[in-house]
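K.L.:
Chain order of the listed sequences is A and B.
Add 5 to the 1-based position in the first sequence for the working numbering, that's all there is to it.
With the working numbering, letter number 49 in the second sequence gets 37, and the count goes up by one each step, no holes.
Some clues are possibly wrong.
Said to hold, decoys possible - The calculated PhoX-like cross-link candidates involving lysine-lysine, where the alpha carbons are at most 25 Å apart (straight line), are: (1) B:K27 / A:K78; (2) B:K40 / A:K238; (3) A:K122 / B:K27; (4) A:K297 / B:K40; (5) B:K40 / A:K804; (6) B:K27 / A:K45; (7) B:K(-6) / A:K170; (8) B:K(-6) / A:K56; (9) A:K19 / B:K(-7); (10) B:K40 / A:K352; (11) B:K(-7) / A:K289; (12) B:K27 / A:K31; (13) A:K232 / B:K(-7); (14) A:K207 / B:K(-6); (15) B:K(-7) / A:K56; (16) B:K(-6) / A:K352; (17) A:K171 / B:K27; (18) A:K45 / A:K19; (19) B:K40 / A:K138; (20) B:K(-7) / A:K71; (21) A:K104 / B:K(-6); (22) A:K309 / B:K40; (23) B:K40 / A:K122; (24) B:K(-6) / A:K297; (25) B:K40 / A:K167; (26) B:K27 / A:K19; (27) B:K40 / A:K19.
Unchecked claim - Covered stretches of chain A (chain B as the covering partner; in silico rule of three or more C-beta atoms under 8 Å from a C-beta of chain B): (28) 565 to 577; (29) 710 to 718.
Said to hold, decoys possible - With beta-carbon atoms standing in for the labels, derived distance ranges: (30) A:T613 / B:K(-7): 33 to 43 Å; (31) B:K27 / A:N100: 19 to 29 Å; (32) B:K27 / A:K660: 19 to 29 Å; (33) A:Q506 / B:K27: 18 to 28 Å; (34) B:K(-7) / A:A848: 40 to 50 Å; (35) B:K(-7) / A:N184: 44 to 54 Å; (36) B:K(-7) / A:V888: 50 to 60 Å; (37) A:L452 / B:K27: 20 to 30 Å; (38) B:K(-7) / A:N100: 36 to 46 Å; (39) B:K(-7) / A:Q421: 12 to 22 Å; (40) B:K27 / A:A65: 31 to 41 Å.
What the hints contain is simulated information worked out from the structure, not anything from laboratory work.
Cβ coordinates follow ideal geometry from the N, Cα and C atoms, glycine included.
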Amino acid sequence: MADITGEEGDFTVKVVTHPRYVDTSKCIACGACTPKCPAKVSNDYNEGLDKRKAIYVRYAQAVPLKYGIDPAKCIKLTKGKCGNCEKQCPTGAINYEDKETTRDVQVGSVIISAGFKPFDPSAYVQYSYSKYKNVVTALEMERILAASGPWMGHLVRPSDEKEPKKIAWLQCVGSRDVNTCDHPYCSSVCCMYAIKEAVIAKEHSHSGLDAAIFFMDMRTFGKDFEKYYENAKRSGVRFIRSRIHTITEQADKSLMIEYATEDGQAKTEVFDMVVLSHGLEVAKTSVELASKLGIELKSTQFVKTTSFAPVASNRPGVYVCGALAGPKDIPLSVVEASAAACAAAGKLSAARGTLAQTKEVPQAVDVRGEVPKVGVFVCSCGINIASVVDVKAVAEYAKTLPFVEFVENNLFSCSQDTQDKMAQTIKEKGLNRVVVAACTPRTHEPLFQETLQAAGLNKYLFDMANIRNQDSWVHSAEPEKATEKAKDLVRMAVAKVALLQPLNEVKLSVNPAAMVIGGGVAGMNAALELAGQGFTTHLVERDAQLGGNARLLRITAQGEEVQPYLDGLAKQVMDNPLITAHLASNIKNVEGFVGNFKTTLAGPAGETVVEHGGAIIAIGGQEYQPTEYLYGQDPRVMTHLQIDAAMMNGELDAKKVNSAVFIQCVGSREPERPYCSKVCCTHSVESALHLKEHNPDCQVVIIYRDMRTFAERELLYKEARAKGVLFVRYDVNQKPVVKKDGGKLMVTVRDHILGRDLLIEADLVGLASAIVSHKNTELAQMFKVPIDEDGWFLEAHQKLRPVDFATDGVFMAGLAHYPKPLEEAVAQAQAAVSRAVTVLSSAEMSLSGTVAFIDQRKCVGCGVCWTVCPYQAITQDDKGLAVVNEALCKGCGTCVASCRSGAPNLRGFTTQDVMAQIEAML
Amino acid sequence: MAAGKKVTGAVMVVGGGIAGMQAALDLANSGYYVYMVEKGPAIGGVMSQLDKTFPTNDCAM
């Protein structure tokens, strides 16, 4: 991205494409070029732990799977000699004359997701990273542990490639450190990835690896993180609270670590290998890009955003997501990505669909009742298959199989010219079933199915025989057997394909209206974004007013006042003509499925039925009501939200508080609530800073287990320490005690450094009370979505689908998912809208033809299938028998495997189809 | 943005890591043309270098 002009809605961006020296339209990723390339280069994908060639593909699963030449290392490009790859390439894809090109692109919005750069510890003496071979970064450790890494996943140390017996992880390398690297922030992800690496390394180890993690505060604040931490402790990972200052190499290349224990003793321990848990930083190139775009950065160099618009940069029309906007993990990056898509689309809805293209598909010929006429296309895949398998023999053999009408061997079945020819052949020869014996359906099935469609055939009349990945690649040493196996695979595919019937893709109309359940910050944001994109929205709130928990919040972590924002938000919702706010209303019943829900609401005016195509669940959470620390027995003991409310309405005058104590983890990280509530450490620090600001002489003590001021919240923690707030750590087995002594409120806590009890008189005891779920099982059942054991709604995939449910058309946002700060709730709301709009914006939805069906003559209504169905797609009809809702079915086949009487079957994979394949093999 | 101004129904996504890919997919699936700009030869970003991901130990690839 070289330059940008114009404004929101109408930008012109100059894009420079660097030469690749390989024509991607010709490269078929056969890999013939690489073995003959004489230039060996440090492999950046494996963090330099091994070598690659100058012509390379970054990794085997790379998208696009096209080779490229590293111009700095290529001998032909640097010295004018060689040219081997050009000679090897069977498709003539190499072009040493490739030039940089520049083009102008017109866009309405821009999203910057340039990510982060892992902190490079090589320049810092204390880590000895450049000096000692067995000191590696965590990213190098990822490559060591990966099956696709330099040692194929075998746990070895770099110096002698032997398995280490003891590994130490050092936390906060390049994080929480202003003395050496000027990164005052916490990188958010290193505690969890270090635990993960330790756990995985132990699994890979043959000798019961001793894994030790040296840390300052263990920051496992996300969903299911605390459980992961506890499990790691149980599996024997050692956690040592100390920051390491010196590493010394021993004669055998092992490493001696010197550290101080909590009670001040100096200790040493020798490890075979040391992993530096390096943090996240903004790349220099991103800083330059930001300056080119006129985007403001914070002192940490992450992009500046507000809590109320977490993906908007200061430049209208330019949005930001992922680690560029602050250190964060994958789920939050994915949430922000969808949020940025929502925000970017929000201003462009007038132009939706004007540039995007949809494919036209000709009407398929009805082949039912015809005798199968199978076409078999055997692919050579350059030399990938043909160098091992005798493809001509396989093709000849295929001609002898029943129903086979036509056989052809192609050099590259997937190339565009072969595809065109294949479509022509299907039409000319009147083929009605097709088998391609080539590579994997995972990457190529959609391509061949398109060819079938182009030829007027139903795309389900197709099967693939994987004679590459499952044959030539794995049996290269035994070409004759490989050829026989290829014949077997083709015979199996032909046996199955002859039985296949055309499948219908049911089309469903989509009601473009949306429902949002919960009128807090997440719900209101979701409703406004939906309405902003032109969708009619019903906002359901059980209280008589909007606002939710945020009504009791004073400020955000960035110091923005919440109440004025909330008032503005509520007013916008009430004024928006596309939003109907159903206040003091509850959900009574939900019928239907994605695209067509029918929900009954009970409100002050009685029951109303609302029809909508999608729903967003944003019902929030609630503050835990403590039973400990004299809560409820003394008015000076207050929770976070009570303190915020009292600070806002003036009941709590900071000037009158001379001594305040905050106790962390009240109700969190306990056996009955084994999770971290994520926001409380920061909240206590904010309250402490408020007291210090209005009354600098006030003594403020925060009693904590681990300070979890993650990401840039660390700067608040630092500020609090600078302003004299005292931090005393307590052990969960020795909790602080709050007592009344006459009129005085006394807090006793064991100080681990002094080894003595501290006795503190307090005018105010703030309890960092947990956030708990509403555990709304009724709502969950009505929408057919799951909740976990703590009552949080359970997403479809924790990493990659963080606001989706496995059930289509239903999404979530805010505290209903897990405790989180306000800006994450806003981002999730925007993300949920983005995901919902992918459904609501289409007039109709095409469902996959690969769905289950029930032969009711065999069904006895035992209920096993609807119990095991992970998508709740099977219900009981009025006769008590199973019936599949095709709109919900994902074709996983679990029901088929579960039924004793064989009533369910999967279209395209019926028992008959599968048995035919097996019989053909035997 | 003032009403009546030209609006282009396309979005540019700069960076093809996990965040960029998700943003691009959402936009393409809701009716916008997406230009993805990535400086490397393949998309995937740092996540493609990870082995497993916490807390589910799913394979990153």
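K.L.:
So, for every hint listed, does it hold in this structure?
P.N.:
Each hint tested on the structure:
Simply put, B:K27 and A:K78 have alpha-carbon atoms about 18 Å apart, close enough for the 25 Å limit, and the pair holds. Between B:K40 and A:K238 the CA atoms are separated by roughly 19 Å; this keeps the pair inside 25 Å, and the hint holds. A C-alpha spacing of about 14 Å is found between A:K122 and B:K27, which places the hinted pair at or below 25 Å, so the restraint holds. Restraint check for A:K297 and B:K40: not satisfied, since their Cα atoms lie roughly 36 Å apart, outside the 25 Å limit.
The suggested pairing of B:K40 with A:K804 holds, with an alpha-carbon distance near 11 Å, which does not exceed 25 Å. For the given pair, B:K27 sits about 22 Å from A:K45 by alpha-carbon distance, which is consistent with the 25 Å threshold. Restraint check for B:K(-6) and A:K170: not satisfied, since their Cα atoms lie roughly 64 Å apart, outside the 25 Å limit. Using a Cα cut-off of 25 Å, the hinted pair B:K(-6) and A:K56 is violated, with the two alpha carbons roughly 50 Å apart.
Restraint check: the Cα-Cα separation between A:K19 and B:K(-7) comes to about 21 Å, which is no more than 25 Å; the hinted pair holds. For a cut-off of 25 Å, the pair hint linking B:K40 to A:K352 is broken: about 37 Å separates their Cα positions. Distance hint between B:K(-7) and A:K289 is unfulfilled; the C-alpha atoms sit about 35 Å from each other, more than 25 Å. A hinted pair counts as satisfied when its Cα atoms are at most 25 Å apart, and B:K27 with A:K31 qualifies at roughly 21 Å.
Distance restraint check for A:K232 and B:K(-7): the Cα-Cα separation of roughly 52 Å exceeds the 25 Å cut-off, and the hinted pair is therefore not satisfied. With a CA separation close to 58 Å, the supplied pair A:K207 and B:K(-6) exceeds the 25 Å bound. Our distance criterion of 25 Å between C-alpha atoms is broken by B:K(-7) and A:K56, whose separation comes to about 53 Å. As the CA atoms of B:K(-6) and A:K352 are separated by approximately 11 Å, the hinted pair is consistent with the 25 Å bound.
With a CA separation close to 39 Å, the supplied pair A:K171 and B:K27 exceeds the 25 Å bound. For the given pair, A:K45 sits about 34 Å from A:K19 by alpha-carbon distance, which is inconsistent with the 25 Å threshold. For the suggested pair B:K40 and A:K138, the alpha carbons sit about 24 Å apart, so the restraint of at most 25 Å is met. Of the supplied pair hints, the one linking B:K(-7) and A:K71 is violated, its CA atoms being roughly 40 Å apart against a limit of 25 Å.
Of the supplied pair hints, the one linking A:K104 and B:K(-6) is violated, its CA atoms being roughly 34 Å apart against a limit of 25 Å. At roughly 30 Å between alpha-carbon atoms, A:K309 and B:K40 are farther apart than 25 Å, so this suggested pair is violated. Of the supplied pair hints, the one linking B:K40 and A:K122 holds, its CA atoms being roughly 19 Å apart against a limit of 25 Å. As the CA atoms of B:K(-6) and A:K297 are separated by approximately 24 Å, the hinted pair is consistent with the 25 Å bound.
Taking the CA atoms of B:K40 and A:K167, the gap is near 22 Å; set against the 25 Å cutoff, the hint holds. The straight-line distance between the Cα atoms of B:K27 and A:K19 is roughly 14 Å, inside the 25 Å bound, and the hint therefore holds. With a CA separation close to 37 Å, the supplied pair B:K40 and A:K19 exceeds the 25 Å bound. Note: the stretch 565 to 577 of chain A has 0 residues with beta-carbon separation from chain B under 8 Å; the three-residue rule is not met and the coverage is violated.
Counting residues of the stretch 710 to 718 of chain A whose beta carbon lies closer than 8 Å to any beta carbon of chain B gives 0, which falls short of the minimum of three for the stated coverage. At about 39 Å, the beta-carbon gap between A:T613 and B:K(-7) stays in the expected band of 33 to 43 Å. Range check, B:K27 to A:N100: Cβ separation about 20 Å, and the 19 to 29 Å hint holds. Under the hint 19 to 29 Å, the C-beta atoms of B:K27 and A:K660, about 55 Å apart, miss the expected range.
Separation of A:Q506 from B:K27 is about 48 Å and departs from the stated range, judged on CB atoms against 18 to 28 Å. For B:K(-7) paired with A:A848, a C-beta distance near 27 Å fails the hint of 40 to 50 Å. Our hint of 44 to 54 Å for B:K(-7) and A:N184 holds, since their Cβ atoms are close to 51 Å apart. The given range of 50 to 60 Å is respected by B:K(-7) and A:V888, whose C-beta atoms sit roughly 52 Å from each other.
Between A:L452 and B:K27 the C-beta distance comes to about 27 Å, which sits within the given range of 20 to 30 Å. Taking 36 to 46 Å as the suggested C-beta distance range, the pair B:K(-7) and A:N100 conforms, at roughly 42 Å. Between B:K(-7) and A:Q421 the C-beta distance comes to about 40 Å, which lies outside the given range of 12 to 22 Å. In this structure, B:K27 and A:A65 break the distance hint of 31 to 41 Å, their C-beta atoms being roughly 21 Å apart.
Checked against the numbered hints given earlier, this structure breaks hints 4, 7, 8, 10, 11, 13, 14, 15, 17, 18, 20, 21, 22, 27, 28, 29, 32, 33, 34, 39, 40; the rest are met.
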